[in-house]
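*Asks:* What follows is each chain in one-letter form.
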Amino acid sequence: MNAFVAIAKKELKSVTKEKTIMIAVSIQLFLASFSSAILIGVLSFYDPDSIGLNAQLRVRVGIIGDTGSPLIWFLRDRNVRVTPFSSSKDAENAFRAGAIDTVIFTPEDSRGVVEMKLFLPDSETRSTLILMILKEPLKQYENYLREGQGVHVRYTDIKGLPSTTYEFRYSVIIPILMFFPAFVAGSMVVDSISEELENHTLETLWSAPLSLNVIFGAKIVAALVLAVVQCALWSMLLRLNRIPIQNLGLVLLLAAVIAAIISVGSALIATYFKDRERSQFVYSLSVPLSAGTTYFFDVSPITLMTRLATGDCYTGIADVVVYGILLLALLAVFFSMAKRLIAMPA
Amino acid sequence: MRSRFTGGSRPVVVLILAGSLLISYLAFRQEDILSKGIYRVGVSPGCPAIQDGRFSTVTVDRSTGYSLLNGKALDVYIDGDKVAYRNDDRSLYAAGALRLYLEKQELARITDGYEINQAFPLRIEVNYLAAPAGQGTSLAELVEALTSGPAVAGAGETQPSPDTPQSQPAPSETDFAVMEQIQEMESGGRLPKIEMEFASDKAIIVPSLMSPPVPFAQVVIAFLYILPISFVSVFFTSSFMDEKIDRRITVLMSAPVTPFQIIVGKMLPYVSFSLASVVIMTLVLGGNLLLAVAIFIPVILFIFSIYLMVPLVYRTFRDTTFISMLAITVITSYLVFPAMFSGVNDLAYMSPLTLAVKMYRGEPFGLEEYLFSTASMYVIFILSMYIGTRILNEEYLMGFRPLYRKVAEAIYLAINRNHLYVSITLLSLFLIPIVYMIQLVVLAISLNLPIRYAVGVLLIMAVVVEEVAKSVGIAVVLENRAIKTTKNIVVLSFLSAVGFLVGEKLLLLVSLSAVSESALSAVLFSSGMLWIPLVAHFVFTSVVCLLTKRFGVRRYPYAVLAGSIVHVLYNLYILGVI
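Top line first, the protein sequences correspond to chains A and L.
In case it helps, my numbering puts the first sequence at residues 441 to 786.
In case it helps, my numbering puts the second sequence at residues 514 to 1091.
Next up, chain A with everything else stripped away, as it sits in the complex (with noise of 0.2 Å):
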């Protein structure tokens, strides 16, 4: 036991003073801030709502045509400001002069289909932001006039919250952030074995009274130490965030089990093919493709993941079990090979 801690000790020792862990760390913490940053300037320029509050922009719309129409109701509750101009000459010198963003021409006759005409900027950038603004206001005039042809569209009252970025923070950014630490781990079992392969130091090892699996799994296990550590310091980051993290133990116990896995199939990996350029190169292969091989799963570990953190209540450590005698299982296979792996010729 004293030889496995020794060696698990000092795994993390060069692993550290190596600063390798610190670029990984900062990899995710990239990672996770450039997705993050993609999803807010993709929200605050894409979405209607959050364009408003954000910018505190407000589109002025100068009205030609039928100046009773509908539409400028449903446009004053959006908070668009809306002016009447009696001619379009009025308007145009309006738009001109830059009182107002867009024009509008609805015809007199709102009965039956109603074609308006919209005039936008010529700059492609404004035009989008108030075409985008604009949207929702037009949607319920639309429906307005759907009404009126005796077509009930249902479902317009529901309110809610705009769920892309709940989605995108449980369903990418913390698997992300949770997994992450697991390919690194990995990552870090293949150099390690691979250096021992390479330079023959594993005999020297070997030799010594420790048995083959002793070494490994003390390789194992300190790989998943800094991953569960980076795991935890992640979820108290999220905390921070203000992103709430439900069943946290289970989350970091997926997290431990799936690391576990993906280092003894990197130690397969490694004590298979010898030398660590295709290791690696094998290994960093193999986790995507694993990764998508999990989806045709009903519940793949990023789903449950998912849902472990969104605090889904039919959703439990059951589910994680099952991971547990996934590892269990893969970890019988790689204690039972490792000296005949080993003994191959690469």
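Keep in mind the hints are simulated off the structure, nothing from the lab.
Heads up, a few of these hints could be off.
[Said to hold, decoys possible] Taking lysine to aspartate or glutamate and the DMTMM-like style, the derived pairs with C-alpha atoms no more than 20 Å apart in a straight line are:
#1 A/K579 / L/E628
#2 A/K579 / L/E619
#3 L/K1062 / L/E922
#4 A/K579 / L/D625
#5 A/K449 / A/E635
#6 L/K1018 / L/E907
#7 A/K714 / L/D759
#8 L/K585 / L/D601
#9 A/K575 / L/E619
Put chain L on the given structure of chain A with help from the hints.
*Replies:* Chain L in isolation, oriented as in the chain A frame:
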């Protein structure tokens, strides 16, 4: 390449490659693979099931439904035409997601169940007006033309005649537009539509059929181009690393070839592979070949220039793995992130992928946009090639020192000691794209903080990065005792400031024609008159360099800090905060 995968691993590699391609294809086809079953929805008996992977649906009767909803076992309960939800976050988000889904379903129901004029009674013709000074179409003219001749569109079908739907067989112009958009919606709109025609001036929009302008599909395509390029460039790094570690490169260097020839020779096959992948991809997707090559050559050069630096500076494989991973994430984000905003913010042109997105959307772009997005890539490539040839010597490659020492040495080797003044000026100029990239990374990371702090951190970090870029060359020269007098340092600081400013203004010149309105660029590259910024840059750089001289190169970080404080105060003054 060939020597790398001999023996038993090759079939495995091929198998895995094929497998991952297959999986990604399947994953691409399957909708909503992420957030599967994130919401629990109950529906009352008789309601149609929900065909959206995000919702796991159970059919329960009313009373059970409501009690499950209140017990938080369900997030939303659909009771016939009504949707019930709680007032907590989870339930509200679920309702928000469900609203979008039901909206789509209702649209499909209306499209199928009613005649086109009933289902889509509102059509909007979009016209564009040149905002300033009356060139372009006049609104008055347009409206006159419309109101005087509405016969085509309005008159024919204003009578609502639901009982005689066949009596109006002549569909109007806008009906075609509506039908086209309905078809587009029904085809899923998921597969990226690739059209090479220019968007027409007058588009007909139907509010409920309006698709959001997010260019996801095109960005995915542009991203597909990047993948093989980064893959190949990793092989390039590995091969370089290999030669470095078993010292074959030393043999090469003693042969009568120049370092430049060695680098180009090593890089050429990999660059051709990448180029071939671009060509194949474009042919498969049916894009414009010439345009695609023009767009992706700078991207390839940029990626390779980063991957050239990695093995030259690092010594061990383990370092290289992680640095390569970091490089991949940074490069990919730097390229993909701006492209998401093509058409919304002109700053999107920062990444050439925006051009690719434009190309696949069939939208035009000019030479200015091309230069704006690719110039920095070319500059980084030239810089990295130059530094690469200067540091390709045995002593440098085999030395094992901390990273910052390696970088300092590389910069010192890059500086031509016979033309010190020119070198320093050019160094500042060429470092600008890198400064720009680092500032972008800082921007992304700072968004983790609350917005008020984020702006502050961004302001400070941007300044620190700039100050380092301007003074690092001089500091290295100082360290190697190539200059000694204060006068020399002042002159060099001035030249460095000139170089930086020229670069900044050049970038601004290009960007002004491409980027019209952007608060971000104003913050990052505070524009203004020429003399005041020059004097300001000169003062900051002199502060850093003179302090470095006075207290020694060991204290360089503190000197940078001091210069940056002055710079931040200046910026705050310019922005009118103090």
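*Asks:* Which of the stated hints cannot be reconciled with the structure, identified by number in ascending sequence?
*Replies:* 6
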